[in-house]
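Please build the complete structure, drawing on both the sequences and the hints.
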Amino acid sequence: MSAPIPARFRCTCWRALPPLASLPPPNPKRRRQELEETERGSLLRSSMGDDSRNNQGVQGTVTRPQANMGDGRSLNRDGITDDTGDADGQRDDGTSNSGPGGHLEGDIDELEQGEGERGAGGALEGTGSTVGHRSEDRQQDEPEDDEDEEGNRGPPRGPPEDRDSGELLLQETSSIADVEITLKFIKLLRTATLEKSGMEPEDIELLRKPADYPLEIDDTDLLLGIKIYKACSLASEATYTSTRQAILERFPDCQMPSLDQVKRRVKNLSDVKPIVNHMCEKSCVAFTGPFEDLTECPKCLSPRYTKPGSLEPRKTFSTIPIGPQIQALYRDAASARKMKYRRQKTAEVIAKLQRTGGELPEYDDFTSGREYLNAVQSGLIKDNDTVLMYSLDGCQLYRSKTSDCWIFVWIFMDLDGDFRYKKVHVSPGIVIAGPDKPQNLDSFLFPTFYHVAALQLEGLQIWDADLNATFISNLFLLFGIADGPGLALHNGLVGHKGHHGCRLHCPIISRHKPGEPVQYPVLLLPHGYTVEGCDHPDVDIRALSASYVSSATINSQYRVDLNAIINSRTTTEYKGIRLKTGVVKPCLIEGLPRERSLGVITMNTLDFMHIPALNIPDLLFSLFRGKIVCEKTDDKRTWDWAVLQGKTWKTHGAEVAACTPYLPGSFDRPPRNPAEKISSGYKAWEFLIYIYSLGPALFYGVLPDKYWQNLCLLVQGIRILLQRKITRAQLCFAHTCLIEFMIQFEELYYQRRADRIHFVRQSIHILAHGAPETVRIGPAANVTQWTMERTIGNLGEEIRLHSNPYQNITQRSIYRAQMNALQAMIPSLQSGTTSTPQIAIDLDQGYVLLHARDTCARQLPPLEQAALAAYLMQHDIDGTINQVVRWARLALPNGQIARSRWKELQCHDIRRIARQVKFYVAGQSEVQFGEVFYYFYLTLNGRKHGLCMLSVYSPPNADLLKLSAYTLYSCRPGGDHGIRVIDVKNIDSVVAVLPHPASSIHAHPELEGCVYIAEKPGLDVARMAGFEEDMGPVP
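Just so you know, we're using full-length UniProt numbering here: the sequence shown kicks off at 1 and counts up by one.
Since the hints were made in silico from the structure, they are not lab data.
As the structure is a prediction and not an experimental result, all values here were calculated from the model.
Incorrect hints may appear among the rest.
[Stated by the list, open to error] Ranges of calculated distance between the beta carbons of each label pair, as one might list FRET restraints:
| id | residue 1 | residue 2 | range |
| --- | --- | --- | --- |
| 1 | HIS977 | GLN845 | 25 to 35 Å |
| 2 | ASP844 | SER925 | 17 to 27 Å |
| 3 | THR648 | ALA922 | 38 to 48 Å |
| 4 | CYS907 | ALA658 | 19 to 29 Å |
| 5 | SER803 | GLN845 | 47 to 57 Å |
From the three backbone atoms N, C-alpha and C, an ideal C-beta is built for every residue, glycine too.
Here you go:
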């Protein structure tokens, strides 16, 4: 909720931000010289038998950036053991991360990305990975130690340079087996053609010569069949057949197509036809690219075909090409206009930048991000281009058995955020069948990127129904997000256990306990700590977050480091360079035209779903419950923060569950009793509500004050970063809160003790990047895994053939892509859209009065008459009104529906109160909250006014608000004295108003009779994913 930003929270770190497009150019030659010098040292040590991989570190292999430590010394990235093995699926309390529905700390820290000095918006600029939710099969593929340590090692090969661009080109061969395989994939991508993409010739012809007229289905029987096919999509095939038979019996002349016929017609009308490739029956590899001619799996040696001499594969997977789906989005005039959102928004942002001297007052989409704007300004992205984001994630189809499945989806960034994340516009691209995870993910992604590369090289012909014109569109890959295992296998960077564990390539070096390999991003030097390579002084995160390094510099450095990996002559040398650079292998993105993506590092993003909603809660509750590992040199009796135990934990859990009736239905899933359910599939959304909506009140008086105040800093920062629109001032506030939280967290919990290093996980460190990432790529809400999670959920719900779920989910994905394309071309096929009911009054701007309503005008009580008279007087309207027709509900522009005390008190079965609202008063900056009595409308001076009768809550407890970093808004009900009339268009959202729990009142008796306000975190995120309340009849 809005609050004045106190001086101690004001952040000026963005003042030093370079103006747009004034960043220094990269200097690859200097970086290459550094690598050549250190590579020679590595080769010399290798020839002398140095293992280059011991606890003393690898000295002199690759020079890394240095970070200011705040005391005149520098933090150098040398001399630390780097364990590139991945998370082992264990929590700090020794239990498994892989419980039912669990998304735990091991998941977010799964294969997080390496190093590189970063800064965005004057703070830590970075790119990063998204987060996985799987804890098994975490081992990242590493090259086998089969290289000849004493082989021929001539002078180090210098990477070639593109004379026109000054950029380093990748070597095309490598002595490291796994690196060499990836390079072969990349080489094939660079010469991609549609003829070799696996598409049929007639489909290629349609891509190059698209139809230049709208799609219309004149055959009413066919249209009937398609509509019934769509309506029966979640039913069995027999349902369609039975329905068709009943129709034919009633209407014998009807020529409604059979199920097979309608499937073929949908496929041909949509032009979306899958490309089928063979794969290993154990899901090790796909027989694509350099594996295309193999007859057995190169990993497990399983045969490719069912029997010798046969060409029938044992297992296949499907790639759904994106080209026809893009063309479909332009073949209807209304859909084509929607696809112009990005270019229109970009023009608005550029105009705003020109008016404000290059500074944006708020960030509201990726179009506000520095990366996108730089790409537009440099000409990489043009108006007619198609901008895409892809998301990759692994999941378990069944909780009770191994059922690994990987899903890849496309998101069309040219659409408005109100549309692009909804089911009808999220397009499945690949389904990789399990039950085991892929051993070479590149081989499965190759057909998708080959299709994209071919289209990028020749351009995609599109007919625009809105303009009745054909144009060539270039596909631009803006962002690529994935879960932990997927990203590590995809982009080829090291994992979180190394001393360069930050997923965003920032220069923070991790520390590890003496004698243990796992490292943690601890800022403060432990007392008496002498581990070589980890004993750097305290890291001044405040100073570090005020530095700035451009993405161009980071990408240039990455390419130099990547060339060093490729040029490795032996496994020992390879491991040493991998240790120093954080790079494991190339990424398939390197095979795409350089001007058609942001680049391997820059296009990765921070996933603000798993970090705040799963990983941080797991860490906090392991601390609050005393479940985190306690070393023998530590003593749990000194853990004054571990209060959620025994009776206190049970009481607290019951107080959480007791919040449910006060949470509106629009808050979605309410948090269950954590004392009973936290270890059995507690959901991400439950944690969001629990900690970031209710947490400041529920933990007040339960946690000791210093830990409670630290938690409130976290809550405030996360609340802001989850918004879809963030002002510059809010962003500075959030950044400062999170930086202070990080510093205090180490001081309060870790306390410079070497045996508590494991308290500081990567999920804590990554918070330093939250606000700067907003400057770099726009609000986090636009680039999280919520969309993928929703896709996995609804595709999983559609599985009907449990004997072969992988084939079933593949067919469901193909059906969705085809039907989405068909609905884009024929909007009348779309169903389930929200429409205004017959008994309703549209007040414009997204506000709609909804029934129930009075059958006639009712006399107003005296206090309500007085409130209405005051409103009329305030607006200079003469006359007296004593009667109104009451309305029970109001639809808001954000998708919520506000209800009223009038009807909620009449209905005894109301389980979730939704009559509390947040509103603004014209001319005032402060928000207010009120309990709605009812809604009504009046025609005043010839204009229709929608009005609301409510009782306003008192101003908040100012001291408590300040102590809580403006997160705990505690107030008293306004009662009869707070009755007021406001315009319904002043209402911003539906909120929850809850009584303080008994535990808090016991500790702070002054809270007796008070209530607190809870807003829904990520309300915009939920709506973007498709959540809107039904305007239909009240149940």
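Evaluated hints:
no.: 1; hint: HIS977 x GLN845: 25 to 35 Å; in the structure: 31 Å, holds
no.: 2; hint: ASP844 x SER925: 17 to 27 Å; in the structure: 25 Å, holds
no.: 3; hint: THR648 x ALA922: 38 to 48 Å; in the structure: 46 Å, holds
no.: 4; hint: CYS907 x ALA658: 19 to 29 Å; in the structure: 21 Å, holds
no.: 5; hint: SER803 x GLN845: 47 to 57 Å; in the structure: 51 Å, holds
Of the numbered hints stated above, none is contradicted by the structure.
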